[in-house]
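Colleague: If you're matching them up, the sequences are chains E and U in order. The first sequence begins at 40 in the working numbering and counts up one residue at a time. The second sequence begins at 1142 in the working numbering and counts up one residue at a time.
Derived from the structure by calculation, the hints contain no laboratory data. You may find that some hints are simply not true.
[Claimed, not checked] Taking CB as the label site, the calculated pair distances span:
1. R52/E <-> K1211/U: 47 to 53 angstroms
2. G1181/U <-> E55/E: 35 to 41 angstroms
3. K1211/U <-> S100/E: 15 to 21 angstroms
[Claimed, not checked] Covered by chain E, according to a simulated footprint, are these stretches of chain U (three or more residues, beta-carbon under 8 angstroms):
4. 1175–1183
5. 1200–1208
Ideal placement from N, C-alpha and C gives every residue a C-beta, glycine not left out.
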Amino acid sequence: QQPVQSPQAVILREGEDAVINCSSSKALYSVHWYRQKHGEAPVFLMILLKGGEQKGHDKISASFNEKKQQSSLYLTASQLSYSGTYFCGTSAAGNKLTFGGGTRVLVKP
Amino acid sequence: DVKVTQSSRYLVKRTGEKVFLECVQDMDHENMFWYRQDPGLGLRLIYFSYDVKMKEKGDIPEGYSVSREKKERFSLILESASTNQTSMYLCASTTSGTVYEQYFGPGTRLTVT
């Protein structure tokens, strides 16, 4: 079953913050975050492993609450380059990921 | 630089045709994946392979098959294309395990008429 991402879309002004959530009904081992710009391949942002460790990539950070089976991606002081569709991918075990439906982010000047 | 390449960016096929989509990676990765991407549905796993000649079904394998004869190459086959297989197809590869990032190819937009 696919993880559920929310919101489905968000529009920001440059410099504003946003949070994207990813919830799973299964116990998770790892959560991946990817960003895809229009017409391009998804690009890896970060991986969070079981243990609740927070990670960061520039001004984008994420947390992983294994008890709630939930991860959140934080876009801080958003830049125009943050526009794109963000996907979370979850793994319970093994080699495969299950991706959410994506969250479209548009950052306006 | 890791590179995952796909045989075509755009492909138009007729209903009933046999379609081959090919993916090649140059990083000696054990795992390779085929996804289809549709608006609102994200990336859905069709098949994956964790070694040469090994394959496992993903979440939506119906109507598809795969082949992995060499480590660097993973092919997706549509035995008899149908209009509901019109989609963007993405290939990815990674080192074994889910603690490593997946590297994606540029995608093939397949239209079945």
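Colleague: If a hint holds in the structure, say so; if it does not, say that too.
Modeller: Status of each hint after checking the structure:
A hinted range of 47 to 53 angstroms holds for the C-beta pair R52/E and K1211/U, which are about 49 angstroms apart. Hint check: G1181/U to E55/E, Cβ distance near 25 angstroms, so the stated range 35 to 41 angstroms is violated. For the pair K1211/U and S100/E, the supplied restraint of 15 to 21 angstroms is violated, since their beta-carbon distance comes to about 39 angstroms. Interface restraint, the region 1175–1183 of chain U with chain E: holds (4 residues with C-beta to C-beta distance below 8 angstroms; minimum three).
Restraint check on the region 1200–1208 of chain U versus chain E: 1 residues with Cβ-Cβ distances below 8 angstroms, three needed, restraint violated.
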